[in-house]
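As they're listed, the protein sequences go chains A and B. Following the working numbering, the numbering of the first sequence begins with 1 at its first residue and continues without gaps. Following the working numbering, the numbering of the second sequence begins with 174 at its first residue and continues without gaps.
Because the hints were derived from the structure by calculation, they are not lab data. Check each hint, because a few of them may be wrong.
With a straight-line Cα cutoff of 27 Å, these simulated DSSO-like cross-link-like pairs (lysine-lysine) come out [as the list claims (entries may be wrong)]:
| no. | chain 1 | residue 1 | chain 2 | residue 2 |
| --- | --- | --- | --- | --- |
| 1 | B | 328 | B | 315 |
| 2 | B | 412 | A | 101 |
| 3 | A | 101 | B | 394 |
With the Cβ distance kept under 8 Å, some of the chain B side facing chain A (calculated, not the full set) [stated by the list, open to error]:
| no. | residue |
| --- | --- |
| 4 | 367 |
| 5 | 392 |
| 6 | 416 |
| 7 | 474 |
| 8 | 478 |
| 9 | 485 |
| 10 | 487 |
| 11 | 505 |
| 12 | 555 |
| 13 | 564 |
Computed footprint of chain A on chain B; a stretch qualifies when at least three of its residues, placed anywhere within it, have a C-beta under 8 Å from a C-beta of chain A [stated by the list, open to error]:
| no. | stretch |
| --- | --- |
| 14 | 299-313 |
| 15 | 369-380 |
| 16 | 426-438 |
| 17 | 517-527 |
| 18 | 545-551 |
Every value quoted in this text rests on a predicted model; they were computed, and no experiment measured them. The C-beta atom is built at its ideal place from N, Cα and C for all residues, glycine as well.
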Amino acid sequence: MLNNKWFACTALAIAAVVSGCSSDGTKNASDGAGDAVKPTPSTGSVATTGSSGGGGSSFGTAPAASQSVVYFDFDSSELRADSQVVVAAWSKYLTANPTAKVQLQGNTDERGTREYNIALGERRAQSVSSALQGAGVSAGQLSLTSFGEERPVATGHDEASWSQNRRVEIVAQ
Amino acid sequence: MKKILGGLLLLIGFGAHADLDITVTGGSTSAIPIAIVPFAQPQGAPADIAQIISADLDRSGLFRSLKREDMKFELPTQESQVDYRTWRALNQDNLVIGRVETTPGGGATVTAELFTVPQMMKILNIQATAPRPSDWRSMAHKVADQIFERLTSVKGIFDTRIAYVTVAMVNGKRQYKIIWADADGENPREIARSYEPLLSPSWSPDGKRIAYVAYEGGRQKIVIQTPTTGDLQTILSEKGINSAPAWTPDGNKLVVTLSFETNPDIYVIDLATRARRRLTDSYAIDTSPTVSPDGTKVAFLSDRGGSAQIYMVPITGGEAKRLTFEGRRNEEPRFSPDGKSLALVNYDGSSYRIGLLDLATNALKLVSDGPLDEGASFAPNGATVIYTRQGARGAELATVSVDGLVRQQLRQTGDVREPAWAPFSRP
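Could you build all of it, start to finish, from the sequences and the hints given here?
Take a look at the structure:
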């Protein structure tokens, strides 16, 4: 069992190096979609994953892509009811795997100025961080960054796109 | 400044040869008719000086230059050859003639004269030089600047540069670049490129360096680059936010946003010692600092009152005073070169538009239409503001005169945003 898992982790890591993707399998909903953008950092995270990932024991698998994004209302950093599922899934995984780390990436829609949106994105990431810590995750497992409005997954100038962009992505490191 | 009377819509398109395609609207019935006669210059010269001057003056919206095809006769290149009757018959207010002489190494010197036709008089001797072939366009812009200043009493900005950020899909990924180009869109040159975001380009007051925000491995940092040498220094890369760099007028400090201590606040960074002094300390978001031209005050964005608004604080510290009260939000302040006003982004609940706030009267004048305008930067003569708007093909640059009347759209393929108009001083 352990052998299979180790092999799978290594294969994933190799595939990740080759393809330049994050190797943890927790991609967001936009992965593979037409002109959507991969929001995860490119080569930087591969090195990090390589050093902390494959080979260690791990309890449960990290939550899936569909459970790794928290959405927000316009100009708000308050967690909505629909964030509970994501927070619960990740706090369960992270408390069970104390060496596992994630980066919380804050994003906004395009409205408002870029510099303000950098700050709003960070505020959103902090909301998620607080919720995870409240559920027992240790602060050392969490790092935060904000891309402001610079990493939209949808590029329309309407609420359908904007609502998809107002988000925090939880990315395994 | 000559008062521009509103009215006649002039639509002039320019330059398929420029990377930025510039369209001017909103000239006026009092645009000055001026004839720039082709200069005497050697065959195969690197640039058509008179054509560049005409395009510059037309683009300002304050002049209407005579088309070359309407000059159907022997053209003067010396003062002695000027016959005012010709130009009066063509209803020209002003006439410019000139001669270009090459210098060793491919450079050149231009001498020119500006005449007033009704009074039949020369009113200005003009001279400019180009040390190298690559300086010919700049030399022409210098001539245009001298004409502009003599006829409007406002310093010209034709020989200035603009930096901006472009985003394009490359190999399926978003690639960011910082580009600097001449104010007419010519000569675009790359300063930086990255597959991670590049933001907030900001020129040093001497025009030699540019500060901006970059990411490395998903983390922000503030860097300073010298475009002519490529020298690149990382100034700050703390945990959290490192953004919104603004220079003090002596060029010795950057005022920035950092969040590594608590939440986004404004800090003053001494570039020589890297010492940091915290300027704001509120539970709110404080960002987007801009320093007054006399170096004494910092205007910035804060949502400490519940919504993003603009505040002012002495650079030495103290209580911040709120400046904006109109609309729902006001963001991204930028001081005008004379320190008397702030350009900003105003949100009224439906549109983001560029506004100019008079600091003496607190009156706010909206000068653009929205709905998603932002990123205002003053030209160094304070007469024009460049900003970003959403066009049909993506984000594009536009300018508007501070009276709101003369507008240009500068189109480029791909997204173009965050313009930063360089100061007059040049490297």
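What are the numbers of the hints that this structure violates, sorted from low to high?
-> Hints 4, 8, 9, 10, 12, 13 and 14 are the ones this structure does not satisfy, whereas the remaining hints hold.
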